[in-house]
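Trainee: Now for the letters of each chain:
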Amino acid sequence: MLLSETLQNPAVSLVPWVVFLPLIGLVINLVLGQRLGEKFVGAVASLAALAAFGVAVVLAVTLAGEPGVGKFHLLDWIQVGGLNLGWDFRVDTLSVTMMLVVAGVGSLIHIYATAYMHSDVRHNGDPSRYRRFFVYFNLFILAMMILVSADSYLMLFVGWEGVGLCSYLLIGFWFEKGADGTANAKAAKKAFVVNRVGDFGLLLAMFLLFWNFKSLSFDEIFAQAPALAQAAPGVVLAVTLFMLLGVAGKSAQLPLFVWLPDAMAGPTPVSALIHAATMVTAGVYLVARSSPLYLEVPAAQQAVMWVGALTALFAATIAVAQNDIKKVLAYSTISQLGFMVAAVGMTAYVAGMFHLITHAFFKALLFLSAGSVILGLEHGHAHSHNGHNGHEEDHFDPQDMRNMGGLQGRMKTTFWVYLIGALALAGIAPLSGFFSKDEILAAALHTSPAIFALLIAAAFLTAFYMGRQVFLVFFGRPRSTAAEHAVESPALITVPLILLALLSALGGALNLPKIYTLEHWLEHSLQHSLVVEFNLTVAVGSVLLALTAIALAWWLYGKRQMRASDPDPLAAPLGGLFRALQNKWWVDELYQAVIVRPYHALASWLSGPVDSTGIDGIANGLGQLTHWAAGSLRRIQTGYVRTYVLVVLFGVVLMLAFLAFN
Amino acid sequence: MPLGYYLALSAVMFVIGIVGVLVRRNALIVFMSLELMFNAANLLFVTFAAYYGTIIGQISVFFVMTVAAAEVAVGLALMVAIFRTKHSIDVDQMSSLKG
Amino acid sequence: MLPGEILFGFIGLVVVITAVGMVISRNAIYSALFLVSNFTTVALLYLILGAPFIAVVQISVYAGSIMVLFLFVIMLLGAERLAAKEKLQGQRLLAVILGVVFLVELGLFGVWKAGYMTTPVPPAAATAGAPEAVGMALFTQYALPFEVTGFILLVATVGAILLTRGDKPASKDLITAVSEKEG
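Residue numbers (the numbering used here), protein chains in the order written: chain G, 391 to 1052; chain L, -18 to 80; chain X, 13 to 195.
Heads up, some of the hints might be wrong.
To be verified - If you anchor each label on the Cβ, the simulated ranges turn out as follows:
#1 Thr169/X / Val45/L: 49 to 57 angstroms
#2 Val48/L / Thr1028/G: 28 to 36 angstroms
#3 Gly1013/G / Val48/L: 43 to 51 angstroms
#4 Leu1015/G / Val160/X: 29 to 37 angstroms
Quick caveat, the hints were computed from the structure, so don't treat them as lab data. Here a beta-carbon is modelled for each residue, glycine too, at the ideal position from N, C-alpha and C.
Go ahead and model the full structure; you've got the sequences and the hints to work with.
Mentor: Written out as structure tokens, the structure reads:
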């Protein structure tokens, strides 16, 4: 950053359009969408995302030609005292990489969603929400673009809060649905509240930054960072640790990960776009962006690294015992985010970003394929109940993997792309996940054996639960009538899946060992990134481990034919441990007991004795005091004109005396 | 003749008028006390007109008198109207605005 | 003591006595008569100060028509005396004390300290306050205010008629009242 020269290319002035284009899309849909119908809404929203992707591509090409940092000053924003912030966009390889991922994966998910939401709004019985969904989707792209193109922490924070808002709105998209009719709304609220805890950390970090650097813009802070780290290392440590709290909230790390599994209440494209590919990686981006700060304080690096590695293993264990197809993917996402956070904690920023990109490809693919599976099952369910009890509400759960099985032959395209995604996630060579994960593992081995052990265990579990999922969903015989009648989804759904599958398969080419394209591309933005040479032992070992895990999964889930009501084959051998896994280590219950209950008690105490007795007492007391005072004072009004005149004369005498003696 | 004599006389008249307004309950006498205060003011006008040798003071007195005449006409009419409803012109009886 | 000052002292004494008499008379008729003599005496002062026109107007308008109006109303209402007793005890004493304080303040700071006790009034020029001069001023320089006072008098007349017409017509507005009269 400091060493790179400023980029003067006129193409830089295109950068605001990555924000404007989604804005235009959402305004058009907001104003005209209801009148012009679903096709129009979907086309406008997808085109807006695609156009933003086009802009990002132009910027990338420009940067490839002449590397550097481009800045574009759109307008003055805040000028108060010493604070002078503009609405400045930053164009460097890091931000453009994020733009490409957000807009690229985002566009594919938009296209997929045009078809998916068509079924979803009908399945949930409110087609008029189709437009709302795409307005929110474009709003999300807009906010995410602000986040990644910001040139100051404050502007980044605007995007940070914006994506949080979109996340809330989209998790609660079917807010009146779910268990008791409140489950979805509660999930949205939970995501919002937990994110607020993280945002609080980020805010404190920003306050500290401004207090010490008198600025919030990246360049000014990073330029002064080494000097301040010399003078007051405690301050930089506090800033980075508070920032870590923000990262833990947004990227669902320990101890704030609990919102992400519940966030699966949102429609599947939301899970793919927001809760797998883009928004949750904002924390990783924040650490990478703030690398000059983290480089000054090894203790903070250690903290980030341990949080990431522990999260990776912790979430992977929970994923093993889940039955909901999206919940497994959600915990997998948390686990993979743990990998990325651990990587940036080890200062292996490029490895972290690399995994961020490949993960965006294959996890979006997995979620979207899962959505396709769910759609297929819903179709099958509707078909099998057509005629006799089509309208009867039963408790069929189209997301429960125990109800699936044998979809391999019925949904061929979905099966193949899912397989590619699963293998990429498991880290099987030569798919993209293999390269990015191995880069992280190699860096971990270089840094700390303990971290390496945690991550390799997480990688083993990853391969195991993905194997379990694939065998449960696609192999064997159908375990429900719905699965028997499942049908393949339409082309609008499968084409984005195939494109994402290609990306997942070939994404590793971005940073092949010995060539390191991404490494050279990002080194303009991320200096001092830890780079560890490709380690053949680690690579071969991790692939063998993953294959072992898949074989184990096949032995447990693929070998024998199961029925929907059968207990999980792991339940017996693991016993109590399996129950702990199935119940997510009772983290939610723990938080409920330790934080939520006391908080509720405090709130009811405040609303009961404090508010209704104390505060209301003061308010009512003031009212009564006024009433009493007015009752006493009104006696002054005798009604006798002569008394009034006497008082007036008294005033005149006083005034004259005052004038005279002055 | 010093100017101050006239001013002092005017002040005395004015204060007697004020005291009249304050101590009498008969609305008609209150009204007459008001007229007395008008006269005190008029005397001041005429005195200073003579002192400065201009005619403006006298013109002002003329206007004051005209307006006073109008005021008396309306005021007495009001008093008659009040007497019709209250059957009294005691100003202390008119205290419906008591708080 | 100069003859002028003796004259002024006499006139001033009469003015004060009649004023006090007006205020303390029990009977409203006496009050009115005291006020008439007071106005007439003040008119003499106007003459001394070289304002014959104002003096004449004072006698004809004030002492003449206005006071006659007062007497009419007193007799019409039969309100020479009030029956009820004084309700505001202490009002009288307070009023007198405040009045004296006010007078002392006026005398000390309005007259004495301002140095007016030593500045003489210049002898009036023979023509300065002559009716011709007043008339010229009224109809040239002050023509507009003069017309306005005429209008005020007209409005006051209409208002007085409307107020004293009695209960029934008083509830109607002016236009209906007038149109009824014309009809």
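Trainee: Give a verdict on every hint.
Mentor: Cross-check of the supplied hints:
{"no.": "1", "hint": "Thr169/X / Val45/L: 49 to 57 angstroms", "verdict": "19 angstroms, violated"}
{"no.": "2", "hint": "Val48/L / Thr1028/G: 28 to 36 angstroms", "verdict": "31 angstroms, holds"}
{"no.": "3", "hint": "Gly1013/G / Val48/L: 43 to 51 angstroms", "verdict": "48 angstroms, holds"}
{"no.": "4", "hint": "Leu1015/G / Val160/X: 29 to 37 angstroms", "verdict": "52 angstroms, violated"}
Hints 1, 4 from the list above are not met by this structure, while the remaining hints are.
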